[in-house]
Structures are given as C-alpha cells and as structure tokens.
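Enquirer: On the provided structure of chain R, position chain P with the ligand as indicated by the hints.
Taken in order, these protein sequences are the chains called R and P.
The first sequence stops at residue 400 when you use UniProt numbering, and every number in between is there.
The second sequence stops at residue 87 when you use UniProt numbering, and every number in between is there.
Hints in this document: simulated from the structure, not taken from any laboratory.
Even glycine gets a Cβ: it sits at the ideal position worked out from N, Cα and C.
Hints may contain errors.
Listed next, with one range per pair, are the computed distances between beta-carbon atoms [to be verified]: (1) R/G102 x P/R10: 42 to 52 Å; (2) R/A134 x P/H26: 24 to 34 Å; (3) P/D30 x R/G102: 42 to 52 Å; (4) P/D30 x R/R264: 41 to 51 Å; (5) P/D28 x R/L3: 23 to 33 Å; (6) R/R289 x P/E52: 45 to 55 Å.
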Amino acid sequence: MALFDKFGKLAQERAALVQAGLNPFGTRIDEVFSPTEGRIGEWRVVLAGTNNYLGLTFDPECIEAARQALEHEGTGTTGSRMASGSYGSHVALEAELADFFGRRSAIVFSTGYLANLGVISTLAGPGDIVLLDADCHASIYDACKLGGAQVIRFRHNDVADLERRMLRLGEPARNALILVEGIYSMLGDQAPLKEIVEVKRRLGGYLLVDEAHSVGVLGAHGRGLAEELGVESDVDIVLGTFSKSLGAIGGFAVSHHPEMELLRYASRPYIFTASSSPSSIASVRAALRTMRARPELRERLWSNARRLYQGLAGLGYRVGPQPSPVVPVLLGSSEEGVAFWQRLVEHGVYVNLVPPLAAPGGQALVRCSVSAAHTPEQIDHIIQAFASLRASFDGVIAKA
Amino acid sequence: MISQEKILERLFFYLNRLAPPGASIHPDIDLIQELGLDSVKVMDLVMELEDEFDLSIPLNILTDVHTPTQLAQAVFSLMEHADGVVR
Ligand SMILES: Cc1ncc(COP(=O)(O)O)c(C=O)c1O
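With the rest of the complex left out, here is chain R (with noise of 0.2 Å):
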C-alpha cells in the first residue's frame, strides 16, 4: 500500500458526508467581532462553538498586556526553555499559577495537549499502570501511548468500575496515575471526584485531573472541579491549559510534589518545543487577573448555561446529563448531523459537530457552548434556531 492511500476510505466517508454546502469539519470564520460574533461566509453568526468561557479574548487588559509584550518581548522566543532560556514573564506566570492554586509548582507548556503529554508520558512510562476514564480526551490517550505504561480503562465516570479495575491489579494499583477531567469536553459533564478520591485514600494511586474545561468554571475562586468539591488536596496534579477560560494558547501542571520540577530535565515535550510567544503569556497574566478580580464572570456563564440547557431541554432536544457550559444535543447519524449543523449556521449560529466516532455512545452530536459574554438575547437567539429547526428534524431527534 503506498503511504498516502491509507487516506481513502477517510477521502470518501468526508466527500460522501459533506455533498454539498458548509463543511462542519473545516469551517472557515471569516470575521471575528467579538467573544461571541463573527461572519461565516454570508451568514453573522452567535459564536457558540467555541471555548471562551469567560469571553476574555477581546478584555481590553488582556489585549494592552499582549500589545506590551510584544512591544517590548518581539512576536516570539524561538526556542526552547531549556536550551533558550525562559523569559522572565513565563517564570513569573508560573508563580502566578502556583499561588493561585495554591501548590509549591508549576510548570507551563506550549499547550494543553503538549501539557498532557509532557506530564503523563514523563511519570508514567514502562512498568507503570495508568487508570483512564474511557471519556478522557485524545490528549490523555496520547500521552498514555507516549509514555508506554500499561493502560487500563474504566468505564465512564463509574466509580464501582475503578474500584474494581484497581482491586484486580492488587498492589502495582498503589503506584498506578488516575487520569480524569473535571468537566468533559464532549458531553459536559463532571467526574464524581469526592468519590473517586474516596477509592484513592483507601485503594492508594495519585489522582490526575485534566481541569482544561472546568477552570474559570467551577469553584468558587475559579480553581476547578478540585475546589468545587473541596478535594484539592488528594489530587496529585491539576493540568489545565490557556486555550479556554484563559482565552490564549498554552497549558499547565500545578503540583504539590517537589519532584515536578524535575519534569523540566525529563520530559521530552516540554524541553523540545519553543515555549509560547511573550504576548500569549502576557494575556494569560491578564486574564488569570481578571479572572481572580471578577467572579460575576462565572456567575453570568452559568446563568447563561442554564438558560440554553433548559431552553433546549425544553424543546424536547436530548441534551447532556447535567447543565454545564457544554451542552451537547444528541442527533443521529453522521449525515443528519452535517445537515442539523448547516442550518443551523443559516439561522445565524455557530457550533461544533462531533461525529460518532468522536462522541460517547456512537452518536453525531452538536456541541454547544456558552461564554460569559454571551448576552441572554443571544443565548434566545440559538434557542430560537433550534426552536426553528425542531420540526423538520423531529424524526431524528427522536432517534437520538
């Protein structure tokens, strides 16, 4: 087989699904306006498809910090930390993020999925267990794979089925890593952490949880699933990344272990990959400020959430499990999906397709989220537009 014909079979489920009209797969935004606007083609469009909890890529602070740093730092650092040097901002994020958390380090990557599977890849790797929720993101897969330590998967969210999988491996659980997420990106909803850290304090393991959707989220200083709950000090390592609430691009590890530190000598993606560009650094700064300076931010994302999970509930969509900033609503195969989608940009609003493959359960699904910057007018506005595609959709809402 040549190396490129591995593509054909993908060549033609792509043409056959998107025949014609937007492809939900390779959008092009054309204009962005706001947090929560931009044009796709012909149509404006309420961005909902995005990760911008708190609506802070278009905070006037952050924009006049990233305009500072690149006034004064240049557009990037070209290289490495370990072999370049780290630029002053970058250490000082990381003691900003050590405080905020609470935790004697940090350590900052060049972005979450790199933060995964520099950390993951780096304690875990052969001769090591690693114990994954069946849900974890593509990142976390990666860097199990990566590191090359035994994996064995639970069943989502299932606490009983971590029990068992830990009670069966006998004592090697002790030392094996958990990995989960406070809230997962595809349906939204959050991991039973209090139970979860029950089975650790009595089975033993170290808990890792990915909080990339959930801080700026949860937690009443914004610190994630962890402090929601009041367990952050059983979790082993909080991971979490820039690309969302942050509204830059990088990731992170915070840690109470002093050994962390040694993962900047160790781990291959964090020493061989350039480190962010001084003016991402400089916004996330900003925004890590906003974000501790303004908690009505959060309250006005969840109000937000509410109102679109019980208006889309309400009109009879099959949405997710609970109410979170990510409202998945479940459609059924992959062609009804590409469909629902592309009306539902002519009707003025923006959200991600998931296809089966890539959503729990083998459905297409929309995934939508909300941002604090979102007013409750656009928030109708997309309930509107599902309310408008509800009949001609009925068949397959009831297949979902």
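Expert: Frame of chain R; chain P with the ligand shown alone:
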C-alpha cells in the same frame, strides 16, 4: 485454565453485540479494516473481556492485535502470565 477456544467463543459473544448488524464475523477478520469497528469499540471490547475473565488487559496489547484470533491469543497469554506486573 480456560482454553483459547473458549476465550474466542466468549469474545464472539461480545463482538456480536458491537459489530454492525448482519456482519459476518470470523476468527481472522480484521476488526477495524474489515468488520468496520472503530477504535473506541475495540477498547470497549477489551473492557468486556477484562470483566468476563477477571483479568487486567492493558490497551497496549492492541498494537499487535487485528483479528479475534490474535485478541484471544493475547488474552490467553496474559492469563498464563497472570502473576506478572499486571494481573
Ligand atoms: C480535556 C482536554 N485536555 C486538553 C486539551 C488540549 O488543550 P489545548 O487546546 O491547550 O492543547 C483539551 C482541548 O481540547 C481538552 O478538552
């Protein structure tokens, strides 16, 4: 210890539930390329087998597994070495 044939038999039981309706399943069919399972379904199958045989089956075995026969072999050899690192 349970035989490899018996493992294959139980594997077919779960495979029938995961495979597309009407698919013809045989021991040497490629689970992904021919039977059309996606990688998540294959991992689900592993989880079912772990519970069926009360055995830890690391996903790592999947690198070398394409067919039901190969999966049954991998499970069988894990059982033989059940006193290793992963039980
Ligand atoms: C749970 C989870 N972890 C990690 C990531 C990766 O984050 P980043 O976009 O910073 O690479 C994502 C992003 O999609 C995610 O959903």
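Enquirer: Evaluate each hint against the coordinates.
Expert: Outcome of the hint check:
1. R/G102 x P/R10: 42 to 52 Å: holds (49 Å)
2. R/A134 x P/H26: 24 to 34 Å: For P/H26 against R/A134, whose Cβ atoms are near 28 Å apart, the range 24 to 34 Å holds.
3. P/D30 x R/G102: 42 to 52 Å: Check passed, 51 Å falls within 42 to 52 Å.
4. P/D30 x R/R264: 41 to 51 Å: Given about 43 Å between the Cβ atoms, the range holds.
5. P/D28 x R/L3: 23 to 33 Å: Holds: the Cβ-Cβ distance is about 26 Å, inside 23 to 33 Å.
6. R/R289 x P/E52: 45 to 55 Å: holds (53 Å)
In terms of the numbered hints stated before, the structure departs from none.
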